[in-house]
Amino acid sequence: MNKWDKPDYQRIARADLRGNRIDVHFEDDSVASLTIDQLAPNNAPALNWEGLRHTPFEIVIPTPSDDLEIPWTTIRTLTDKEFSSHLAHGAEQEARQIGIRLKELREARRISSKDLAKRAGITPQSLSRIENARHDVTFTTLQRILAAMGCSLNDLTTPRPLIRTMQALIRMLKPLGFSREFVASRLVPASTVDTKTDEESIVEATANVLGSIYGWSVPSILEGRTLSFDQALTAQVLFKGLKSSKGLRTTAYTLYVHWLAVQAVESTPETHVHPLIKDPLQMRDKIVSQYGGLSFSSLLSYAWDCGFVVLPLADEGIFHGACWRIRDRVAIVIKQKTNHQARWLFDLAHELAHAILHISYTRTTILEPDEISQIPEGGEEEEASDFAQALIFHGKVEQLAKVCVQKAKGNLRMLKSAVPHVAHRHGVPPDALANYMAYRLEMQNENWWGAANNLQVDTPSPYDIAKKEFQARVHLDRLNSEERNILAHALEATG
Amino acid sequence: MPRLFSIGAFAVYVYAERGNPHKGAHCHVRGKEVTTVVSIPTQIVLAGPKLPKNVRQELQARMEEVIQGWDRLNPIPDTENTNE
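So the protein lines, in turn, are chains B and S. Going by our numbering, the first sequence runs without a break in its numbering and finishes at 639. Going by our numbering, the second sequence runs without a break in its numbering and finishes at 105.
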């Protein structure tokens, strides 16, 4: 629950005039102090400030003809940036819902935007701006547009929803690739799960979340209309990164993660502490000198300090990592179920290489449909893994592998003690070197993963490290409460 | 008076948003202890608890009145370019 949902935040306990200021005391013990100029601009009628009084939800100033009532929302908006920002986001959401809905109603009636604009007496440009929520529409114009389609204000909302249960909602979403688990774990607002919210309200709250992420209007979801993904956005977000075998399930999930990445970028201030370094050895030197060593944690801090946004997710399947160019930033998504720090270190180094070497204004998407391999063959994947290996192993991974084999005298049993010894001597992470040796041996049909797993470091959990860093870097107050809640929900580990 | 009408134990208000940079049209649905602020006309809840279903339905049915009340207190020139 947000503070503005509580009575104490809204209710006024006292209002005092002090010179040209008014102090408004709320029941939550906060005091909003405003000048009378803030409350009454030049065109306000003559106000008798001496006659100031209050009710629980407003302050009242007498005028010669009538009373001027100023509600608690105005007082809070002028003195509480968080609330002001929340209301501004609410207005954007309203404009978006109206725009999406008008477009849906127009398309359902097969009316071209040019025709509708003509019928409503506005220019096609104005209609386009209204449909795309880039223009506040006045009620007169809104009603003209609705009337031109034979619609009324009621058509903007859902008077009789057909989708009232979670079962019905999931059944409707299933052909679009939404699994029950995905909807339940990520899209049903967390605030409705632990409370005694009735099912219809949970469905409505989930429809709001779906509307925000996928650009559907809430009425169209609750009316059970045929929904589809935005084709242009899907093409941009998925590019050719994923095979179609996973089909719509991939699209639904990837659009969701991309939406999270957009919110993460929008809520992160732009910081470029370090200029970009394209050479992995120079990058390593920089990290070692400035962060005291190379680890998952230090590479993560370095990536953020270079201006990248790193979003960690613990969901299983669909894809294993992603890079998206979003506006002028690059968001990196790392997605692992394992708690091994070396695995997260390699994946982050690999994605960082993509972000630096491959993402551009024209190439805005890289998705990893398969587990990120230490030794891929060819193309960008090989280039990114080579970069990661050079960064982690100081450009001498093959040499280190040979030293390990020599130290173990070619005996697999002795390799377990040889790897940490060689790693420490050469200043590289032993767990990462163990993984590399296991990959190498797997290519020779030797399974050394048991020993390699025993050398892994898993505390603190890399997911927790990345989540903590994310939470420290992003300014969630830049998002509205719904966006904030969806993002927070995404970061919760599933059972 | 900014009070427009009642719906059972709730009363619907709109205010002249003087001095308040517009954050979008909204109305206040005042209960006994707490107010729910909802956007006009799609009824997105901006503050306060969710309204009971019957109140939302009645508010929707009388949305024209709410809009008229808002426009009367917050007149804005029609800025869309008309063809007329």
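It is worth saying that the hints were derived from the structure and are not from the lab. Heads up, some of the hints might be wrong.
Here are the simulated BS3-like cross-link-like pairs (lysine-lysine), alpha carbons at most 27 Å apart as the crow flies [stated by the list, open to error]: (1) B:K247 with B:K225; (2) B:K147 with S:K71; (3) B:K318 with S:K53; (4) B:K540 with B:K551; (5) B:K150 with S:K74; (6) B:K225 with S:K74; (7) B:K147 with S:K74; (8) B:K225 with B:K430.
Fair warning: this is a prediction, and the values are worked out from it, not measured in the lab.
Comparing the hints with the structure gives:
1. B:K247 with B:K225: It is violated: about 33 Å lies between the C-alpha atoms, which goes past 27 Å.
2. B:K147 with S:K71: 14 Å, holds
3. B:K318 with S:K53: 42 Å, violated
4. B:K540 with B:K551: 16 Å, holds
5. B:K150 with S:K74: Distance ~20 Å between K150 (chain B) and K74 (chain S) Cα, so the pair holds.
6. B:K225 with S:K74: Given pair K225 (chain B), K74 (chain S) is violated - Cα atoms ~31 Å apart, limit 27 Å.
7. B:K147 with S:K74: 23 Å, holds
8. B:K225 with B:K430: Violated, because 39 Å separates the two Cα atoms, which is more than 27 Å.
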